[in-house]
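Following the hints, complete the assembly by docking chain B onto the known chain A.
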Amino acid sequence: MTAAVALSSASLDGATKLASVPQDARREEAAITLAGVGKTYAARDGAAEVSALHDIHLAVPRGRILGVIGPSGAGKSTLIRLVNGLERPTRGRIALFGRDVTALDESGWRRERRRIGMIFQHFNLLSSRTAFDNIALPLEIAGVSRGEIETRVTKLLELVGLTDKRLRYPAELSGGQKQRVGIARALATEPAILLCDEATSALDPDTTRSILQLLKRINRELGVTILLITHEIPVIKEICDEVAVIEDGRIIEAGPVFDVLTRPAHATTARFVEGVTSVELPAHLRAALRSEPFPASLAVLRIGFAGPHAATPVISRLSTTLGLDINILAGRIDAIGEQPFGSLIVAAPGDIASLGATLAALHVLGLRVEQLGFIAAPPAMPARSPCEEVSDVA
Amino acid sequence: MSPELIRIIIEATIDTLHMVLVAGGLGTLFGLPLGVFLATSKRDELFPAPALNTVLGVVVNITRSTPFIILVVAIVPFTRLIAGTSIGTAAAIVPLTVAATPFIARIVEGAIREVDQGLVEAARAMGATPLQIVRKVLVPEALPAIVLGLTLAAVSLLGFSAMVGAVGGGGLGDLGIRYGYQRFMPEVMAIVVAVLVILVQSVQTFGDALARRLNKRLRHA
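Line order of the protein sequences matches chains A and B.
Residue 41 in the working numbering sits at position 41 of the first sequence, with consecutive numbering throughout.
Residue 198 in the working numbering sits at position 198 of the second sequence, with consecutive numbering throughout.
I should point out that these hints are in silico values taken from the structure, not numbers from a laboratory.
The C-beta atom is built at its ideal place from N, Cα and C for all residues, glycine as well.
Honestly, I wouldn't trust all of these hints.
[Unchecked claim] Once the Cα atoms are required to be at most 25 Å apart in a straight line, the calculated DMTMM-like pairs of lysine to aspartate or glutamate come out as: (1) Lys155(A) x Glu112(A); (2) Lys216(B) x Glu172(A); (3) Lys42(B) x Glu106(A); (4) Lys42(B) x Glu49(A); (5) Lys42(B) x Asp45(A); (6) Lys216(A) x Asp164(A); (7) Lys216(B) x Asp133(A); (8) Lys216(A) x Glu190(A); (9) Lys216(B) x Glu158(A); (10) Lys216(A) x Glu198(A); (11) Lys216(A) x Glu158(A); (12) Lys42(B) x Glu87(A); (13) Lys42(B) x Asp105(A); (14) Lys216(A) x Asp204(A); (15) Lys42(B) x Glu114(B); (16) Lys155(A) x Asp133(A); (17) Lys155(A) x Glu221(A); (18) Lys216(B) x Asp164(A); (19) Lys216(B) x Asp116(B); (20) Lys216(A) x Glu112(A); (21) Lys216(A) x Asp206(A); (22) Lys216(B) x Glu150(A); (23) Lys216(B) x Glu140(A); (24) Lys216(A) x Asp241(A); (25) Lys216(A) x Asp334(A); (26) Lys216(B) x Glu121(B); (27) Lys216(A) x Glu338(A); (28) Lys42(B) x Glu121(B); (29) Lys216(A) x Glu232(A); (30) Lys155(A) x Glu140(A); (31) Lys216(A) x Asp259(A); (32) Lys216(B) x Glu114(B); (33) Lys216(A) x Glu253(A).
[Said to hold, decoys possible] Ranges of calculated distance between the beta carbons of each label pair, as one might list FRET restraints: (34) Gln117(B) x Pro378(A): 57 to 63 Å; (35) Arg213(B) x Pro71(A): 42 to 48 Å; (36) Leu152(B) x Asp45(A): 29 to 35 Å; (37) Arg217(B) x His231(A): 25 to 31 Å; (38) Gln117(B) x Arg166(A): 53 to 59 Å.
With the rest of the complex left out, here is chain A (with noise of 0.2 Å):
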């Protein structure tokens, strides 16, 4: 009864934000538009009612890649489900390319599911038919003439690049093999939009690259709008325009990957991000560190670089205009999309006048800087003669 009375109002609310757009938008309209979407399963066998997901507002734009990233049981796969119709909402309403969906029944869905692949952490191939017949098979479903077909999935292997796997079965595949299949086979009916779920979750790291780069082209080539789940912060890093951060069945935050991931707001996403953008000090340095400064110590610092400064040549900056060495003890430079980011660990002197105008001058050049303590100077390195380098090298 409540449900009910709460399902009308949201329904009610969510038509309302999606009239709201103006007419002249429409070109522009979200390929993917979720409003205010809810799902509950409903309590039966003795299980208690399941909120999967609350209020989630999800905007996928035109050939963007999207991605939501969240730990396993964040209602991920429930979220990818709604927009190929394979869940209802409880509540919100769904639209693609500005068409409402929400009320479609499932021969309605049937239809509107050949304008949308779909590809899977395990692949899910047939495996009574070979590589060819696998992606002929929405095809079939599709009703496409035998020669039609013929055309169509011989340019796919091509697309996948595997032609010479044109007889293979699923199992004389290897796994990135079988998802190269599999994402012919979504591609097949020619969609607009492709949902990937954890498509690369069960590839190693090199597989995994190279599907991600396959995903991109075909999103870049054919304008195929993808929204992606994933737990692999390397995953949005790699090829997404824009990343949802969901915990809980709740979109906690969202935003383009850049800013998102070099300035994460909810402790969440930091945790996520913390393996791909962050640098930590070296154990033995973090073991000798103080808290306060002491005679001939160094300072401590950890220098995040993004957005317009991360190309500054800030190290010989600070070197030549202050005079001061600066060490490095450890970083990483890295970029997402064309932007570079990264983050260092410096060693700088630690005497208030020097370290003063160390903080004064990265201010300057606006970089975020974090004070972790002081160490000591580290021993002069031991002299070595360019005699015994070379018998090293050698």
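Just chain B now, kept in the frame of chain A:
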């Protein structure tokens, strides 16, 4: 051994094969759709009809738990209705089919339930109808297991067909009882058993080979 006896043995073998093939064929004809339905009609499945699923499940269980020899006698009126008589090879096919159908249905149900649900989901995501999912995904993927199950059913039917001899069904079982047992001709009994062993062995070998051929899961690159 007299030529007469050899002729009788050959005839009995043909009768047995006739009963097993026809009953097996009819049992598959009815059992396959029944098994598919049993495997897909629970709540939230492709053809949700939980009440009918339960009723059919009970009917299948009742048939399967009735000892075959009792089933043969119990359905005599039904046999007469279908075959026009309750004696002979043609009449024996009726109870054999009645016994084979639920047996095969359960085998098919089990084989279909073993198919990875991810494949069903993938097919739904392609926009497949429930019938397309059955035809293009469930049955082809379950086929190796179904073939092995049908082999098992054929072997069981050979055993059952020997029992219908007891109620005038003809075939090898009938021959064994009448000549080997009642007329004290142990050599006939031995031949009957030998022929049955050869038949079972052939059916099993053929079924295994076919299932292996159909199973593309164990190949390696």
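Verification of the supplied hints:
At most 25 Å may separate the alpha-carbon atoms for a hinted pair to count; Lys155(A) and Glu112(A) meet this at roughly 24 Å. With a CA separation close to 9 Å, the supplied pair Lys216(B) and Glu172(A) stays within the 25 Å bound. For a cut-off of 25 Å, the pair hint linking Lys42(B) to Glu106(A) stands: about 18 Å separates their Cα positions. At most 25 Å may separate the alpha-carbon atoms for a hinted pair to count; Lys42(B) and Glu49(A) meet this at roughly 21 Å.
For the hint linking Lys42(B) to Asp45(A), the alpha-carbon distance of about 14 Å falls within 25 Å, and the restraint holds. At roughly 23 Å between alpha-carbon atoms, Lys216(A) and Asp164(A) fall within 25 Å of each other, so this suggested pair holds. Taking the CA atoms of Lys216(B) and Asp133(A), the gap is about 13 Å. The hint holds against a cut of 25 Å. Restraint check: the Cα-Cα separation between Lys216(A) and Glu190(A) comes to about 16 Å, which is no more than 25 Å; the hinted pair holds.
A distance of roughly 24 Å separates the Cα atoms of Lys216(B) and Glu158(A); the hinted pair therefore holds under the 25 Å criterion. Only pairs whose Cα atoms come within 25 Å are accepted, and Lys216(A) paired with Glu198(A) is accepted, the gap being roughly 15 Å. Note on Lys216(A) and Glu158(A): the hinted pairing holds, with a Cα-Cα distance of about 16 Å set against a maximum of 25 Å. Distance restraint check for Lys42(B) and Glu87(A): the Cα-Cα separation of roughly 18 Å lies within the 25 Å cut-off, and the hinted pair is therefore satisfied.
Annotation: proposed proximity of Lys42(B) to Asp105(A) holds, straight-line Cα distance about 21 Å (limit 25 Å). A distance of roughly 18 Å separates the Cα atoms of Lys216(A) and Asp204(A); the hinted pair therefore holds under the 25 Å criterion. In summary, the hint linking Lys42(B) to Glu114(B) is supported, as the alpha carbons are separated by about 15 Å, within the 25 Å threshold. Distance check on the hinted pair: Lys155(A) and Asp133(A) sit about 14 Å apart at the alpha-carbon level, within 25 Å; holds.
Among the hinted pairs, Lys155(A) with Glu221(A) is consistent with the structure: their alpha-carbon atoms are about 14 Å apart, no more than 25 Å. Pair hint Lys216(B) plus Asp164(A) holds up; C-alpha atoms about 18 Å apart against a cutoff of 25 Å. Note on Lys216(B) and Asp116(B): the hinted pairing holds, with a Cα-Cα distance of about 15 Å set against a maximum of 25 Å. Distance check on the hinted pair: Lys216(A) and Glu112(A) sit about 24 Å apart at the alpha-carbon level, within 25 Å; holds.
For the proposed pair Lys216(A) and Asp206(A), the alpha carbon gap of about 15 Å is at most 25 Å, so the pair holds. Restraint check for Lys216(B) and Glu150(A): the C-alpha separation of about 22 Å stays at or below 25 Å, so the hint holds. Restraint check: the Cα-Cα separation between Lys216(B) and Glu140(A) comes to about 21 Å, which is no more than 25 Å; the hinted pair holds. Straight-line distance between C-alpha atoms of Lys216(A) and Asp241(A) comes to about 10 Å, which keeps the hinted pair within the 25 Å bound.
Taken as a hint, the Lys216(A) and Asp334(A) pair is honoured in the structure, with Cα atoms around 19 Å apart against an allowance of 25 Å. This hinted pair checks out: Lys216(B) and Glu121(B) have alpha carbons roughly 21 Å apart, not beyond 25 Å. Our distance criterion of 25 Å between C-alpha atoms is met by Lys216(A) and Glu338(A), whose separation comes to about 14 Å. With a CA separation close to 16 Å, the supplied pair Lys42(B) and Glu121(B) stays within the 25 Å bound.
A distance of roughly 17 Å separates the Cα atoms of Lys216(A) and Glu232(A); the hinted pair therefore holds under the 25 Å criterion. Taking the CA atoms of Lys155(A) and Glu140(A), the gap is about 16 Å. The hint holds against a cut of 25 Å. Distance hint between Lys216(A) and Asp259(A) is fulfilled; the C-alpha atoms sit about 20 Å from each other, no more than 25 Å. A distance of roughly 15 Å separates the Cα atoms of Lys216(B) and Glu114(B); the hinted pair therefore holds under the 25 Å criterion.
In summary, the hint linking Lys216(A) to Glu253(A) is supported, as the alpha carbons are separated by about 23 Å, within the 25 Å threshold. Distance hint for Gln117(B) and Pro378(A): a CB-CB separation of about 60 Å, consistent with the stated range 57 to 63 Å. Evaluation of the 42 to 48 Å hint for Arg213(B) and Pro71(A) yields a pass: the beta carbon distance comes to about 45 Å. At roughly 33 Å, the beta-carbon separation of Leu152(B) and Asp45(A) lies within the given 29 to 35 Å, and the hint holds.
The hinted range of 25 to 31 Å is satisfied by Arg217(B) and His231(A), whose Cβ atoms lie roughly 29 Å apart. As the Cβ distance of Gln117(B) to Arg166(A) is approximately 28 Å, the hint placing it in 53 to 59 Å is violated.
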